[in-house]
Every structure is written in structure tokens, then in C-alpha cells.
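These protein sequence lines are chains A and B, in that order.
Numbering follows the working numbering, in which position 90 of the first sequence is assigned residue number 305; successive positions increment by one, without gaps.
Numbering follows the working numbering, in which position 33 of the second sequence is assigned residue number 97; successive positions increment by one, without gaps.
Rather than coming from a laboratory, the hints here were simulated on the basis of the structure.
Certain hints may be false.
Here are the computed lysine to aspartate or glutamate pairs in the DMTMM-like style, where the Cα-Cα straight-line distance is at most 25 Å [stated by the list, open to error]:
#1 B:Lys121 - B:Glu103
#2 B:Lys86 - A:Glu317
#3 B:Lys106 - A:Glu274
#4 B:Lys135 - A:Glu317
#5 B:Lys162 - A:Glu278
#6 B:Lys106 - A:Asp280
#7 B:Lys132 - B:Glu120
#8 B:Lys135 - B:Glu79
#9 B:Lys121 - A:Glu267
#10 A:Lys256 - B:Glu120
#11 A:Lys279 - B:Glu66
#12 B:Lys122 - A:Glu237
#13 B:Lys121 - B:Asp91
#14 B:Lys122 - A:Glu274
#15 B:Lys162 - A:Glu317
#16 B:Lys121 - A:Glu278
#17 A:Lys256 - B:Asp148
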Amino acid sequence: GAVVSQHPSRVICKSGTSVKIECRSLDFQATTMFWYRQFPKQSLMLMATSNEGSKATYEQGVEKDKFLINHASLTLSTLTVTSAHPEDSSFYICSAESRYNEQFFGPGTRLTVL
Amino acid sequence: GENVEQHPSTLSVQEGDSAVIKCTYSDSASNYFPWYKQELGKRPQLIIDIRSNVGEKKDQRIAVTLNKTAKHFSLHITETQPEDSAVYFCAQSSGTYKYIFGTGTRLKVLA
Numbered sequence: 216g217a218v219v220s221q222h223p224s225r226v227i228c229k230s231g232t233s234v235k236i237e238c239r240s241l242d243f244q245a246t247t248m249f250w251y252r253q254f255p256k257q258s259l260m261l262m263a264t265s266n267e268g269s270k271a272t273y274e275q276g277v278e279k280d281k282f283l284i285n286h287a288s289l290t291l292s293t294l295t296v297t298s299a300h301p302e303d304s305s306f307y308i309c310s311a312e313s314r315y316n317e318q319f320f321g322p323g324t325r326l327t328v329l
Numbered sequence: 065g066e067n068v069e070q071h072p073s074t075l076s077v078q079e080g081d082s083a084v085i086k087c088t089y090s091d092s093a094s095n096y097f098p099w100y101k102q103e104l105g106k107r108p109q110l111i112i113d114i115r116s117n118v119g120e121k122k123d124q125r126i127a128v129t130l131n132k133t134a135k136h137f138s139l140h141i142t143e144t145q146p147e148d149s150a151v152y153f154c155a156q157s158s159g160t161y162k163y164i165f166g167t168g169t170r171l172k173v174l175a
């Protein structure tokens, strides 16, 4: 299957700082990438759809000014959590979509905000 | 709105037995149904998928069946092994690229 990387895998930051997470599709071009948030023992919650060269589409209830998404190339999307607070602590996972509508997931980033 | 119900939420089986997880969806336009396996702290891995023009698909010990009339699809794992223990998520897509995920099933295979 396709390979998607995500960096960093783990980050601890102070409240009020911003954190950038990178998602890369290593062996295919992805026009569309997705960002999810996953709480312990729960399902994947879609936050936003990242489209190369255009603005991201955010799900209802997700603050676009809080979670900035940039999809600058066909292999890279970034999620920036701005002014992070403890309630933003979570497991963030990206996925990249193949041309056959399959989604391949990155390994996830565990964010802890102190 | 669109949703996917997944049952059961937890499932324990003896090694060698079969496991079946069922998902029911509401969007009649759904045409793609993937299944993912997620081990603790790791990424979801695509294990099998099925498209709406097919009723069944099999890959070694794993199979998926789709009943479009009843709007449900199921994952079947035969001859279960301890390494099959994980959380399994179903999903559906209607071609708008966005997936709707089920709530997950925690499978435990007892040795």
C-alpha cells in the first residue's frame, strides 16, 4: 500500500504556543488529504479536508482560525494548532487519498499541551 | 444526516473461531466501503474494501460482504489469531471523498 509519513510523532508544548504537524505522501501524489482527531478509545473524527492549491474545507464545529491547514504541494499538507491549550491535547492523524478514493493514514501525532 | 452504525463495540473470540463485525449505513449514494485495523497507538491500516458493484470480496482469512438493499456490510475474519486483536473501523464514502467512520469494534482473540 501507499506510504504516508507524519512528523512529529509526539510533541509536548506549553499552553499558548503553536504547533505545526506535517503530513507527506511519499510514493504518490495526493490532491486531497484529510486531518482527523482521535480521542482515546474513540473513532476518528474528521476535522478538515485539505485540497492542494485551495482552501481547506472544515467540518462543523472545527475552528479554522485555530487549526490552520496548508496544502502547498501534491505531497505535503500541514496542520498548525495555534495558541494551543490543554483541551487540544489529542492524537492527530492525517490521511492521503489515492485516485481510487482509498485513504492511507499517517502514523499520527500525539500532542500534549501543558 | 449521514451516519454509520457499527456492532458490536467489543468482541471476544477463541483463537481459531470466526469473528463478524457489521456496519449499517444510511446514505443510499454510498459506493465505497473500506475496513481498517488499528492497533494501540498506531495508524489505521486498510485491510480490505468493497465497492458497490460487488457483493462479496475475499482476501485469505478476511472477507467483506455488502447488501446494498439492506444498506449493511460486514467484515468476516476466519481462523482468528491473537495478532488479529485490534480495533476495527468500517467506513463508507459516497464519492465525495469524505469518509464516514463507524464507532469501532474492539476485537480480542483469546489464545
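Do the hints match the structure? See the list:
no.	hint	result
1	B:Lys121 - B:Glu103	23 Å, holds
2	B:Lys86 - A:Glu317	20 Å, holds
3	B:Lys106 - A:Glu274	24 Å, holds
4	B:Lys135 - A:Glu317	20 Å, holds
5	B:Lys162 - A:Glu278	19 Å, holds
6	B:Lys106 - A:Asp280	28 Å, violated
7	B:Lys132 - B:Glu120	11 Å, holds
8	B:Lys135 - B:Glu79	30 Å, violated
9	B:Lys121 - A:Glu267	33 Å, violated
10	A:Lys256 - B:Glu120	29 Å, violated
11	A:Lys279 - B:Glu66	23 Å, holds
12	B:Lys122 - A:Glu237	35 Å, violated
13	B:Lys121 - B:Asp91	21 Å, holds
14	B:Lys122 - A:Glu274	34 Å, violated
15	B:Lys162 - A:Glu317	10 Å, holds
16	B:Lys121 - A:Glu278	40 Å, violated
17	A:Lys256 - B:Asp148	17 Å, holds
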